[in-house]
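Undergrad: With the hints as your guide, set chain L onto chain U.
Each chain, written out:
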Amino acid sequence: MSTTDRSRREFLRAATAVGGGLILGGGLLGCGERDAAAGTATAAAKDPTPRHGGRLRFGIIDGDLSGNLDAHKPAGIGSTIRGFAIYSKLWEWSEEMTPRLALAEEAETNADATTWTIRLRKGLEFHNGKTITADDVIFSTLRLTDPELASPYRHLVSGIDRSRIEKLDERTVRINMKEGHGFLPLADAWVNFGGIVPPDYHPVINPVGAGPYRIKDFKPGQRALLTRFENYYKPSKPYTDELEIIEFKDQTSRYAALVGGQVDLVYGLAPEQTALFRNNPRASLQVSEAHRWQGFSLNLKKTPFDDVRVRQAFRLIADREELIRRVLNGQGRLANDLYSPRDPTFLATLPQRHQDLDRAKALLREAGHERLSLELVASAAGSAAAVAFAEQARRAGVELKIRQVDLATFNGPQMRDWQISTYEGMGESYLSTAARTDGPISASNRTNFSDERFDELFRTAVQRTDVQARVPLAHEMQQIQHERGGLLIWAYSNVLDGVSPRVGGISPEHSHFSTWRFENFWLRDAQPATTA
Amino acid sequence: MSAAETDAPVLKGRGIPGWLPWFLKRLLSGLGAVLASSVIVFMATQALPSDPARVILGPEASEESIHLLQRQLGLDRPVAVQYADWLGRLLRGGLGHSLDSQVPVTDLISARFGNTLVLLGLVALFSIPLSLAIGVALALRRDSRLDRAAVTVLVLLKALPSFALAIGLISLLSTSVFSLLPAVSLLDPERSPLSQLQYLVLPTLTLVLSGLPYLTRLVRGSMIEALEAEYVTLARLRGVPERRVVWRHALPNALIPAIQGIALMLSVLFGGTLIVEVVFTYPGIGSTLNAAVQVRDLPVIQAVVLIVTAGVVAINLVADLLTVLLTPRLRTAGGVRLNVRRTRRVFRDAQNARLVKTHS
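Residue numbers (UniProt numbering), protein chains in the order written: chain U, 1 to 532; chain L, 1 to 360.
These are computed hints drawn from the structure, not numbers from a lab.
Honestly, I wouldn't trust all of these hints.
A partial selection of chain U residues facing chain L, derived with a Cβ cut-off under 8 angstroms [claimed, not checked]: (1) Ala75; (2) Asp217; (3) Gln222; (4) Thr409.
Once the Cα atoms are required to be at most 20 angstroms apart in a straight line, the calculated SDA-like pairs of lysine to any residue come out as [as the list claims (entries may be wrong)]: (5) Lys249(U) x Leu31(L); (6) Lys249(U) x Leu169(L); (7) Lys216(U) x Asp107(L); (8) Lys249(U) x Val81(L); (9) Lys249(U) x Asn290(L); (10) Lys301(U) x Asn176(U); (11) Lys216(U) x Pro104(L); (12) Lys249(U) x Phe163(L); (13) Lys219(U) x Asp107(L); (14) Lys219(U) x Arg191(L); (15) Lys249(U) x Ala111(L); (16) Lys219(U) x Val118(L); (17) Lys216(U) x Asp188(L); (18) Lys219(U) x Leu274(L); (19) Lys219(U) x Gly114(L); (20) Lys219(U) x Asn290(L).
C-beta: ideal position from N, C-alpha, C; glycine also.
So here's chain U without its partners, still in its complex pose (with noise of 0.2 angstroms):
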């Protein structure tokens, strides 16, 4: 079966290849008018002076979830795209995928993390005019801790005592933490959610938020068109007059829209489209290096899995050089089953692993597992991951068969139960993504992993705002997932986006957001707004 596959995909990547070429074919040969439109634009490409004005053009793919505009409560990548045009939050992220302060001017933990004083910056206001106080940082909190919204990422800043929220004065706001509970990684599990709204906010009906752009037209499934917000509160940002988020199905159509001219900015182009870009006078690859990691998930509450030495085994079968070369078509870097490679507490001393089917071999023979089939459950994001995985545990005497499922079965109830799937997740702080993974306080823990020794050191590590008080904390957390853990990490994956050069004020971060910052582009053939 897995053969079939590969030569599918195979001849799927080819395809790909081909159709694309084909279509950057015309790019090259192509077309006089448009050509000329990219001439002026690299005319103007080097003067680095920001102009206004314009409508910017925004490709996304967001699988078939049409998605909302709900602030605290977005579905699917869409939604949160669109979270980061229209509202704005107490932080955002850094270009080192750090959490930095974006309306608040202070925020402030005590010594364990039990409390934080957040204070607004001065003269801040609602698209609708309204001045941003207190109130709506008060009312903003509690909508997205509201049991009865069902925010799926309500239970991130679960901590936060919804009984204790003090108004200290018109800018100030005093956030207590649960039970004395402290919670270090609060801004992080915050700043993708947590945009400020007023209180007669409404996603459907009143979508109001700060961000630097307001929404005049939402079609879900089609595109959103945003107008700016002439008062946002970066001086003389946002740039362009108009922000489309323009949905596609599919990477292909996608691709042509941007070597035609129809978009001017594309978000996560597939690893394969890499090759489309060079010598490509139509746009141009930007390569992020972010840490989104690439892995397994192997089930601790199920058989093999619940052996040590079958999850050392698996760790030991992937050839992750390979992976990185066929999956990520070279656009990755080597992990070593743990996430969160740039944060400071990050353990980079332990020893790499490498395929070693010798040695996997002995250890599923040790227990008791020489002849092993399972099912590797893949979602489609992760389907060549599967296909090139099962390959490499044929080596070992494992067959792998694949079962691919939509989303919607994937991220189902029976996410618990299966044996080994694939999983990947964004790169953010150390103990922001063990809150999202395989902490204590996971709600999507696939691995089922539960470590006593891990889970206290989890809940000590998020009360130390010390970041040298944290480090062996972490090492020791991570020397626990290292040796036994439920992960199978073996990539961390580069963020590619598809840029015309029509487009400045964007260059490559280590977050995965460069192409989010919609505050900061600028249209370099601009004509300055006639209207009043």
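TA: Only chain L this time, still in chain U's reference frame:
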């Protein structure tokens, strides 16, 4: 949908066409089919793994949030209650709200249906006259070099999958060779699709080219059949001019399989053309339905299926009516069984359309 007996003399006395009671019965059974399909689809969505609450909230949601949303969406109630609720709302004129995007279903799908209808209209506008003209022309030049070459081209075109055709057209007309048209149909939702024809050309062309071989060969085959029929020979022997033989005697009979073929094509197009919609990012109903199924967005699935079923029933009804009106034996039937279904089945097989001898 079974055949209807008509009592022609009585009806004729009242001045009602003989086919009308049959038509009304078909209309009623069509409504029944629409309702039945809504029940089937509702049940089928229940059989899918996972549910809307989980999809909407994503992988990180806690069980508590999921159960709460299930309750808020009414998904924890028995299926029969959910269906009754939906039907009740429908009868009051509402289609509910999308579970995914929370906007009213009507807002979500009306523009999409509009876009699909515009595309369907354009495809029909080009493919019907084209297939009739080419089909008749080829039938009249049967077995000539032109005919053989044209049939080969049609077979090749038919064998080409529509996504390959679409990508080929993009390369030819948008990117690689010429740069005449936008590669992707990013319709501005604030304007009528008809005012943005540049976005409609490639999807229309793709669909016309992929539908044309079927229709043309159908017309050609049935025209050849008709030209060989006894009544045509008789007409020729009687000295009727050839032009009149072709246009007045042969063509009306040859049209019947074509009408059924066109109905089939339009029914398929009305349900959306997923592949073309994906390749061109055309905002039609096919991708909306596909996405709604993936996300388990029940109100959207139900609404789209309801309208598509109703549309398909209507298209077939019109086609059957035209068939009846074009078939004198059926049209004037006095005590003749109006078994259009059987007629249609037989007609659809162009090779065996020998019973088109109803011309009297």
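Undergrad: Against each hint, give a clear statement of whether it holds in the structure.
TA: Structure-based check of all given hints:
1. Hint status for alanine 75(U) relative to chain L: holds, with the closest Cβ pair at about 5 angstroms, below 8 angstroms.
2. The beta carbon of aspartate 217(U) comes within 7 angstroms of a beta carbon in chain L, closer than 8 angstroms, and the hint placing it at the interface holds.
3. Checking glutamine 222(U) against chain L: minimum C-beta separation of about 5 angstroms stays under 8 angstroms; hint holds.
4. Against a cut-off of 8 angstroms between C-beta atoms, the interface hint on threonine 409(U) holds, since the closest Cβ of chain L lies about 5 angstroms away.
5. Of the pairs offered as hints, the one joining lysine 249(U) and leucine 31(L) is violated, with about 34 angstroms between alpha carbons and a cut-off of 20 angstroms exceeded.
6. Pair hint lysine 249(U) plus leucine 169(L) holds up; C-alpha atoms about 19 angstroms apart against a cutoff of 20 angstroms.
7. The straight-line distance between the Cα atoms of lysine 216(U) and aspartate 107(L) is roughly 16 angstroms, inside the 20 angstroms bound, and the hint therefore holds.
8. For the given pair, lysine 249(U) sits about 35 angstroms from valine 81(L) by alpha-carbon distance, which is inconsistent with the 20 angstroms threshold.
9. Distance check on the hinted pair: lysine 249(U) and asparagine 290(L) sit about 11 angstroms apart at the alpha-carbon level, within 20 angstroms; holds.
10. Between the alpha carbons of lysine 301(U) and asparagine 176(U) the distance comes to roughly 36 angstroms, so the proposed pair goes past 20 angstroms and is violated.
11. For the hint pairing lysine 216(U) with proline 104(L), the CA-to-CA distance comes to about 17 angstroms; that is within 20 angstroms, so the pair holds.
12. Annotation: proposed proximity of lysine 249(U) to phenylalanine 163(L) holds, straight-line Cα distance about 14 angstroms (limit 20 angstroms).
13. At roughly 9 angstroms between alpha-carbon atoms, lysine 219(U) and aspartate 107(L) fall within 20 angstroms of each other, so this suggested pair holds.
14. Distance restraint check for lysine 219(U) and arginine 191(L): the Cα-Cα separation of roughly 13 angstroms lies within the 20 angstroms cut-off, and the hinted pair is therefore satisfied.
15. Distance hint between lysine 249(U) and alanine 111(L) is fulfilled; the C-alpha atoms sit about 18 angstroms from each other, no more than 20 angstroms.
16. Simply put, lysine 219(U) and valine 118(L) have alpha-carbon atoms about 19 angstroms apart, close enough for the 20 angstroms limit, and the pair holds.
17. Among the hinted pairs, lysine 216(U) with aspartate 188(L) is consistent with the structure: their alpha-carbon atoms are about 13 angstroms apart, no more than 20 angstroms.
18. Between the alpha carbons of lysine 219(U) and leucine 274(L) the distance comes to roughly 19 angstroms, so the proposed pair stays at or under 20 angstroms and holds.
19. For the hint pairing lysine 219(U) with glycine 114(L), the CA-to-CA distance comes to about 14 angstroms; that is within 20 angstroms, so the pair holds.
20. Taken as a hint, the lysine 219(U) and asparagine 290(L) pair is honoured in the structure, with Cα atoms around 17 angstroms apart against an allowance of 20 angstroms.
In summary, the numbered hints that this structure violates are 5, 8, 10.
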